Structure formats: structure tokens, C-alpha cells
Amino acid sequence: MNFAKIDCHSVMKHICESLDEGLNSEKCKEIKKHLDECEGCQNYFDSVEKTIEFYKQYEIKLPEECHKKLMVYLNLED
Amino acid sequence: MQESILIEKGKNGDRKALSELVKLHENTVYNFAFKICRDKDKAENTMQETFLSMLKSLHTFDGNSKLSTWLYRIVVNHCLMLARKSGNNEFVEPENEDELYDNKYFSDSRMLPDKIAENNELRVILDKSISKLSPEYRAVFLLRDVEELSTEETAKVTGLSVPAVKSRLHRARAFLRNEISEALKK
Ligand SMILES: [Zn+2]
Numbered sequence: 027m028n029f030a031k032i033d034c035h036s037v038m039k040h041i042c043e044s045l046d047e048g049l050n051s052e053k054c055k056e057i058k059k060h061l062d063e064c065e066g067c068q069n070y071f072d073s074v075e076k077t078i079e080f081y082k083q084y085e086i087k088l089p090e091e092c093h094k095k096l097m098v099y100l101n102l103e104d
Numbered sequence: 137m138q139e140s141i142l143i144e145k146g147k148n149g150d151r152k153a154l155s156e157l158v159k160l161h162e163n164t165v166y167n168f169a170f171k172i173c174r175d176k177d178k179a180e181n182t183m184q185e186t187f188l189s190m191l192k193s194l195h196t197f198d199g200n201s202k203l204s205t206w207l208y209r210i211v212v213n214h215c216l217m218l219a220r221k222s223g224n225n226e227f228v229e230p231e232n233e234d235e236l237y238d239n240k241y242f243s244d245s246r247m248l249p250d251k252i253a254e255n256n257e258l259r260v261i262l263d264k265s266i267s268k269l270s271p272e273y274r275a276v277f278l279l280r281d282v283e284e285l286s287t288e289e290t291a292k293v294t295g296l297s298v299p300a301v302k303s304r305l306h307r308a309r310a311f312l313r314n315e316i317s318e319a320l321k322k
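Note that the protein sequences, when read in sequence, are chains A and B. Note that my numbering has the first sequence beginning at 27, numbered continuously upward. Note that my numbering has the second sequence beginning at 137, numbered continuously upward.
It is worth saying that the hints were derived from the structure and are not from the lab. Treat each hint with caution, since some may be false.
Listed below are several chain B residues computed to face chain A (Cβ distance under 7 Å; list not exhaustive) [what the hints assert, rightly or not]:
#	residue
1	Leu142
2	Asp150
3	Ser155
4	Asn213
5	Phe227
6	Phe242
7	Ile252
8	Asn255
9	Val260
10	Leu262
11	Lys264
12	Val282
13	Leu312
14	Arg313
15	Ser317
16	Glu318
Examples of chain A residues toward chain B, derived with CB under 10 Å [what the hints assert, rightly or not]:
#	residue
17	Asp62
18	Glu63
19	Lys82
20	Met97
Take a look, some chain A residues computed to stay more than 12 Å from chain B by CB distance [claimed, not checked]:
#	residue
21	Lys39
22	Glu56
23	Lys58
24	Lys59
25	Cys67
All of these numbers come straight from a predicted model, not from anything done at the bench. Ideal placement from N, C-alpha and C gives every residue a C-beta, glycine not left out.
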């Protein structure tokens with residue numbers, strides 16, 4: 027079984043390296059196979075994606091006061 | 137009005153065009169500055185300096201890159217300068233991959249929450265985790281994964297080579313993922 031061929035350590039590393047390319051390349055087949063069967067690695071994959079998603083969701087609002095101060099600072103107020 | 141027209145007008149000193157350009161980008165600049173500094177006062181200061189710098193050197197802007205990319209670079213440089221000035225040497229440069237991908241991290245079966253909305257505990261953890269990272273790593277992670285610039289654009293903004301961007305990105309992902317998972321366990 028392929029499962030034994032590849033260890034979780036290399037899967038974890040691979041996940042972090044290839045999130046942007048997706049897991050579609052030829053060399054990823056074994057990784058995918060492992061990922062399908064290993065809950066630990068699935069959770070890891072999920073948590074790396076969520077980590078990125080958290081930082082994306084974390085936005086703050088520019089306070090009106092800051093905007094006004096900026097325009098004054100730049101001498102661009104109406 | 138199209139941004140390129142605003143830029144041309146701005147170069148000729150048109151105040152209304154300059155003001156429009158600032159309004160178009162102030163939210164992005166403020167948020168990005170906050171994401172790197174994790175501090176609202178520093179983010180405001182960085183935003184002011186970034187736009188001041190834009191006004192001073194808009195005439196050198198050649199339009200080969202996007203104006204937003206140009207602004208990102210000013211923000212990154214300013215934040216790196218602030219970090220250097222702060223004299224904080226405690227930042228982590230996650231270079232030890234054996235440690236980053238330690239087996240203890242995959243046995244972790246706890247699922248992370250789905251959303252951060254209204255979750256203040258998680259926001260504090262996100263702030264703390266990324267604040268530990270050295271600003272260079274932070275910048276790469278934020279530009280590439282959060283602001284979704286391409287690897288090449290990220291390299292341009294940070295002045296790093298493409299391979300250096302990639303390796304920092306992977307390590308930053310693993311580092312942040314580990315920090316957050318560990319913090320949520322407690
Ligand atoms: Zn595994």
C-alpha cells in the first residue's frame with residue numbers, strides 16, 4: 027500500500043509548499059493518496075488553510091477621524 | 137475616473153485627483169499597515185508616511201507596476217524601519233524545518249473554528265502569533281497569502297528573490313499554523 031511509503035512529516039511539508047499550486051501535479055499523487063487515508067494530515071491541511079483564511083478575514087475599519095487627519099496631514103482636505 | 141488618468145492629473149499637481157487617489161487606497165494601506173504592525177497607532181502613522189511619500193514621488197511612478205504594488209512597498213519599508221528602530225531582537229525566523237514540521241503537529245486532531253467573526257480570543261491569538269514572526273516573514277505571508285499578490289509581485293515589493301519568497305512563505309505558514317493550533321489547545 028502506498029500509505030506506508032510516505033510519512034506524515036513529508037506530507038506536512040508538502041502541504042505548506044504547494045497550497046498555491048493545489049495538489050494536482052503528477053508528483054502529488056502519493057501525497058494525495060496519503061492525505062485521503064490519514065486523518066492527522068487532513069486536519070493539518072485544513073488548519074493551514076484556515077490559518078490563512080483567518081488572517082484574510084481579520085480586517086479593521088479605517089476610522090473617519092483617521093481619514094480626516096490624513097487629509098489634513100497631506101494638505102488635501104476639501 | 138480611471139486610476140491612470142488620476143495619476144496623470146496628480147503628477148500635474150491636481151489636488152482633487154490626488155485626494156481621489158488617496159481615498160481609493162487609504163483603506164488597503166491602513167489595513168495592510170495594521171496587519172504588519174499589529175498596532176493601530178503605528179498603522180495610522182505608516183499610512184500617513186506612505187501617502188506623503190506617494191505625493192512626493194508620484195512623478196517618478198512609471199506605471200510599469202500597479203500603484204497599489206508601489207504603495208505596498210512603501211508600507212513594507214516603513215514597517216521594517218519601525219521594527220529595526222524598536223530594537224526588538226526577539227522575533228522568530230522560523231528556519232528550522234525539523235522543528236516546524238515536528239511529528240507532534242500532525243497528531244493534533246483538534247479542528248480549528250471556521251470563522252473569526254466576533255471571536256476576540258482568536259483575534260488576540262492571531263495578533264500574538266504573527267507578532268512573533270520577524271517582519272520580513274510577516275511581509276511575505278501577508279502579501280502573498282492575505283493580499284494575494286503573485287510570487288513575483290511579492291518578490292518585487294520585498295526586494296527578495298522568488299525562491300526566498302517561496303521558502304519564507306512556506307515556513308511562515310507552518311509557523312503560524314503551529315502557533316495558532318497550540319494556543320487554541322490551552
Ligand atoms: Zn499523515
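Going down the list of hints, with the structure as the test:
1. Leu142: For Leu142(B), the interface hint is violated, since the closest Cβ of chain A sits about 13 Å away, which is over 7 Å.
2. Asp150: Violated - the Cβ of Asp150(B) stays beyond 7 Å from chain A, reaching only about 11 Å at its closest.
3. Ser155: With a closest approach of 4 Å, the Ser155(B) hint holds.
4. Asn213: violated (19 Å)
5. Phe227: violated (18 Å)
6. Phe242: holds (4 Å)
7. Ile252: Since chain A brings a Cβ to about 5 Å from Ile252(B), closer than 7 Å, the hint holds.
8. Asn255: Status violated, d = 9 Å.
9. Val260: violated (11 Å)
10. Leu262: Constraint on Leu262(B) satisfied, holds at 6 Å.
11. Lys264: violated (13 Å)
12. Val282: holds (5 Å)
13. Leu312: holds (5 Å)
14. Arg313: holds (5 Å)
15. Ser317: holds (6 Å)
16. Glu318: Nearest chain A Cβ about 11 Å off; hint violated.
17. Asp62: Violated, because the Cβ-Cβ distance from Asp62(A) to chain B comes to roughly 15 Å (cut-off 10 Å).
18. Glu63: violated (13 Å)
19. Lys82: holds (5 Å)
20. Met97: holds (7 Å)
21. Lys39: Nearest chain B Cβ is 5 Å from Lys39(A), so the label is violated.
22. Glu56: holds (16 Å)
23. Lys58: Check passes; 16 Å lies beyond 12 Å.
24. Lys59: About 16 Å separates Lys59(A) from the closest Cβ of chain B, which puts it past 12 Å; holds.
25. Cys67: Its Cβ does come within 12 Å of chain B, the nearest being 6 Å, so this is violated.
Violated hints for the displayed structure, listed by number in ascending order: 1, 2, 4, 5, 8, 9, 11, 16, 17, 18, 21, 25.
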